[in-house]
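S.K.: Keeping the supplied structure of chain Z fixed, place chains F and G upon it in accordance with the hints.
Here are the chains, one letter per residue:
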Amino acid sequence: MNPLGEKYLRKSFLPFLFCPGCGDGMIVQSFLQAVDDLGVADDLAMAAGIGCSAWIPVYMHFDVFKGLHGRAIPAAIGLKASRPSRKVVVFTGDGDGLAIGGLHLIHAARRNIDMTVVIVNNQIYAMTGGQVAPSTGVGSRTQTTPYGNLEKPLDGCKIAIASGATMVSRWSTAHTRQLTRTFKKALNHKGFSFVEVLSQCPVQTGRYILGSGSPQFNLQWLKDNCVAVKDPSQWGEIEAQGKIPVGDILQIEKPEFMEEVQRMNQKVKEEAQAKGGDR
Amino acid sequence: MKKGRIKVMMGNEACMEAALLAGCRFYAGYPITPATEILEVMSMRLPLLDGLCLQMEDEIAAMVSVVAASWGGGKSMTATSGPGFCLMQEAIGLAVAVEAPCVIVNVQRGGPASGQSTSTAQGDFYQARYGSNGDYSLIVLCPSTAQEMFDHTIKAFNLSERFRTPVIILSDEVVGHIREKVFIPDADQLTFVPRKRPTVPMEEFIAWKADADGVPPMPDFNTGYKIPVISQAKSLDGNRGNAKEADENIRRIVSKIEDHMDEFAEVLIYGAEKAETAFVTFGSVCRAARSAVDMGREKGLALRSVEVKTVWPFPDELVRRALAGAKRIVVAEMNLGMIKREIERVVRQPEIKIELFSKIGGIYPQPQEFLRFLEEKR
Amino acid sequence: MKGAERIEIDRRYCKGCLLCQYVCEFDVFEPGQERSALDYLMPRVAKIENCRVCGLCETHCPDMVLTVVANTEGKENP
Chain Z
1 MNPLGEKYLR
11 KSFLPFLFCP
21 GCGDGMIVQS
31 FLQAVDDLGV
41 ADDLAMAAGI
51 GCSAWIPVYM
61 HFDVFKGLHG
71 RAIPAAIGLK
81 ASRPSRKVVV
91 FTGDGDGLAI
101 GGLHLIHAAR
111 RNIDMTVVIV
121 NNQIYAMTGG
131 QVAPSTGVGS
141 RTQTTPYGNL
151 EKPLDGCKIA
161 IASGATMVSR
171 WSTAHTRQLT
181 RTFKKALNHK
191 GFSFVEVLSQ
201 CPVQTGRYIL
211 GSGSPQFNLQ
221 WLKDNCVAVK
231 DPSQWGEIEA
241 QGKIPVGDIL
251 QIEKPEFMEE
261 VQRMNQKVKE
271 EAQAKGGDR
Chain F
1001 MKKGRIKVMM
1011 GNEACMEAAL
1021 LAGCRFYAGY
1031 PITPATEILE
1041 VMSMRLPLLD
1051 GLCLQMEDEI
1061 AAMVSVVAAS
1071 WGGGKSMTAT
1081 SGPGFCLMQE
1091 AIGLAVAVEA
1101 PCVIVNVQRG
1111 GPASGQSTST
1121 AQGDFYQARY
1131 GSNGDYSLIV
1141 LCPSTAQEMF
1151 DHTIKAFNLS
1161 ERFRTPVIIL
1171 SDEVVGHIRE
1181 KVFIPDADQL
1191 TFVPRKRPTV
1201 PMEEFIAWKA
1211 DADGVPPMPD
1221 FNTGYKIPVI
1231 SQAKSLDGNR
1241 GNAKEADENI
1251 RRIVSKIEDH
1261 MDEFAEVLIY
1271 GAEKAETAFV
1281 TFGSVCRAAR
1291 SAVDMGREKG
1301 LALRSVEVKT
1311 VWPFPDELVR
1321 RALAGAKRIV
1331 VAEMNLGMIK
1341 REIERVVRQP
1351 EIKIELFSKI
1361 GGIYPQPQEF
1371 LRFLEEKR
Chain G
2001 MKGAERIEID
2011 RRYCKGCLLC
2021 QYVCEFDVFE
2031 PGQERSALDY
2041 LMPRVAKIEN
2051 CRVCGLCETH
2061 CPDMVLTVVA
2071 NTEGKENP
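Chains Z, F and G supply the protein sequences, listed in that same order.
Last residue of the first sequence: 279 (my numbering), numbering continuous.
Last residue of the second sequence: 1378 (my numbering), numbering continuous.
Last residue of the third sequence: 2078 (my numbering), numbering continuous.
So that you can see chain Z by itself, here it is in the shape it has in the complex:
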C-alpha cells in the first residue's frame, strides 16, 4: 500500500472490489491526493449510490453514505443541509448519475448547492454485467443492445452546464495529475461542481465495445480519444472530429444555495422579531 493509501484507506475493507486494471482505483488515488494536498479530510462527507463507482468513497476513511441506486445527490443534499460547513462529495456513475439519477443532477445543479459531483463514466453498466448505458455510443454492442445501440449518448457536462452548475470539468483516468488538480479546484469551489471522469472498464466496455479486455489497450484508448483543450470554445471542433474534449470547461461564481438559505433565515427571523412575538 502506498503512503497515501496507508493514510486514508479503510484497511479492513481491502482489497478494492474493482476488477484488475479498473480505472476506479486510479480515481480513488487522484482524489485522495487532492484531499491530502488540501488537508480537508475531516470536513468531508461522501455520498454514493449503486454501481462500481459507488464503491470509490467506501474505501476512503471518511464519513460515507452509500445509499440507493441513482440517489447519491439527494443524499448529499441531506448531508449538506444538516451541516452546511461540511464538504460534500458525490461519487456516481454514468448509469447512476445520468439515467436513474439524472433528474437529481439537474435539480442540484439548478440550486447551485455547494457540493462536488464526480461522475465516473465507463460508458456501460459494468456491475450488472455490461448493459447499455445512457453514455454508450451509437452502434455499440452490449448485453442489451446485441444488434447495436440505437440511442444517442448523453453528455453529462452539457447537462450540468445547462442546468446551472458553476464548475464543470472533464478528464479521464489517463490524466491522473490533471484530475487531482481539478479535484482540488472543485473542493475549493463554492457552489455545484461537476467533474466527469472517463474511466477504463476493461472487463465490460473493453471486451464488448472496444474490442479488447486488456487494461493497457483500454487506457491507451482513452489517451488516443481524449483531447485536452484549454479553451472551451474548441470543444465543438474536437467533437466534430469524433474525439472527446477534456479539460476545465466552466468556472463561474453565483450565489450558493445554503448561503442563500442562511441569509433568508436571518432576514425572516429579524422581520418576525421586529413584528414582535414568535407568531
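A few of these clues could be false.
Unchecked claim - Quick list of in silico lysine to aspartate or glutamate cross-link-like pairs, EDC-like style, CA-CA up to 20 angstroms:
no., chain 1, residue 1, chain 2, residue 2
1, Z, K185, Z, D43
2, Z, K185, Z, D36
3, Z, K11, F, E1204
4, Z, K269, F, E1040
5, Z, K11, F, D1237
6, G, K2002, G, D2027
7, F, K1359, F, E1344
8, Z, K11, G, E2008
9, Z, K275, F, D1050
10, Z, K7, F, E1203
11, Z, K7, F, E1245
12, Z, K11, F, D1050
13, Z, K7, Z, D37
14, Z, K269, F, D1050
15, Z, K11, F, E1040
16, Z, K243, Z, D224
17, Z, K223, G, E2025
No lab work stands behind these hints, which were simulated from the structure alone.
M.R.: Below, chains F and G alone, put in the same frame as chain Z:
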C-alpha cells in the same frame, strides 16, 4: 395538568407543530393532496427556527435526503400521500437498513395509482408495513384526531430515536384536514428521547455493533468517527456482510423493534369494555365508531370499539385482550378488508365470525351506518 | 537526475494489471512470475536503475500498491 395552549387547527398543522417541538429541523417533501399543508406550513415556520424546508424534485429525493439528513445530524421528516408513498418505499427500506431515525407521514387518499386525490381511504395499511423489499420491521402509528396527529408525531420522533428506525404516521384525509381543538403542551411539559451516542473511546467504536437492546449508538457525520454507512446488509464494521453477518444484521434490525413492543404498542377500548359486540377500528374510522357506540348506548345497546393506535408491528396480544369475551366482531375500515386479516389471524376462534363493514370510494362512514350494519347482518 | 532506491509492490493487493509497466517510459517493469496474495501474476522491477521517480506508475496503479522510494539526495543514477 400540563401547561400549554389550546388552538383550533388542522390535523396536518398539528403534525407540523409537534414536529417543530420535537426538534425537527429538516423537512423535504413534494406537493401532494391531501398532505401538502404540512409542506406549506413547514416552509413558513422552519426558516424562523434556522431549519430548512426543501421542496424536492420528487418524493424519492425527498425521502433519501431525509434519511441522509438524519445521519448528517438532527431530526428530519417528510409527509406525503399514496402515490408519493409508493415512490418513497425504497428509501424507507434505506432508512431501515442504515438505521436512520426519521418520521414519514402518509395522509392516505384513495388508490390505486392516482385514485381519488381529495378523498379519504385506508388502503395503505399493508403498504406502510410491507411496501419496501426484503425482511424488515418498522413502527406505524394511526391517529384519528388532530390532537392525535400532534401526540403521535411527538411519539413518532421519540420512537424513531429510541429504536433508530423510520416511524410512519399513517393518517388519512379526514384526520389531516379536520379542524379541531388541539392542546399544545409547553416544550418543558414533554419528554424527548435523545439520540443514543457512543460511550466508548472513538478508536474502540464499532459502527454497527448494537447494545443489549439491539440498537447501536449513532454518532453524527463529521464528528471524527468516519463511518461507512452502506445500504447493503452489513458486517459490524460496515462492509458488505457475508451470509452469517447479513443474517445477524437483518434479524437484529427486526428484533430491536419487535422485542420491545411493550414500550410503545397502544390499543384503546371505547365504550362498554365487556360488550359482546365489538367494533375494531383504526385511524379516522375510530371517530364514527365512537359516535356509533354512544348512539348505541342511548338505545340500550352495549357496544365497544377497539381502536388500534399502533398498527405495526401488529399488537396481537393487546388486540386479543381488548377483544376478550366478544361474541360478535365487526371490523370497520375504509378498504376492502385489510386490518380484518390481522384480526382473523389474532382471534382464531371458529365460533366467532369476523364481519367486515367496509367503505371505499372516498365516502366516510356515518355512525348510523354502523348500527344499521349490526341490525341488517344479524 | 533523480533515481529510485527501490520500488515496493504490496503483494497483498496487487491484481497484476501491469498498467505500471505500460505507463512507465523507462522500461523499469516487466511481467513477473511471482503471484500476489490475490493469486495474480505480479509485475517485477527489472531495471530499477532506469527509474526517474516520475510517479506515473504510482498514480496509475488502480490498487495503490506501488511505492517508489527515491534515492536519498546526492545519490543519482548515471
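S.K.: Looking back at the numbered hints, which does the structure fail to meet, lowest number first?
M.R.: 11, 12, 15
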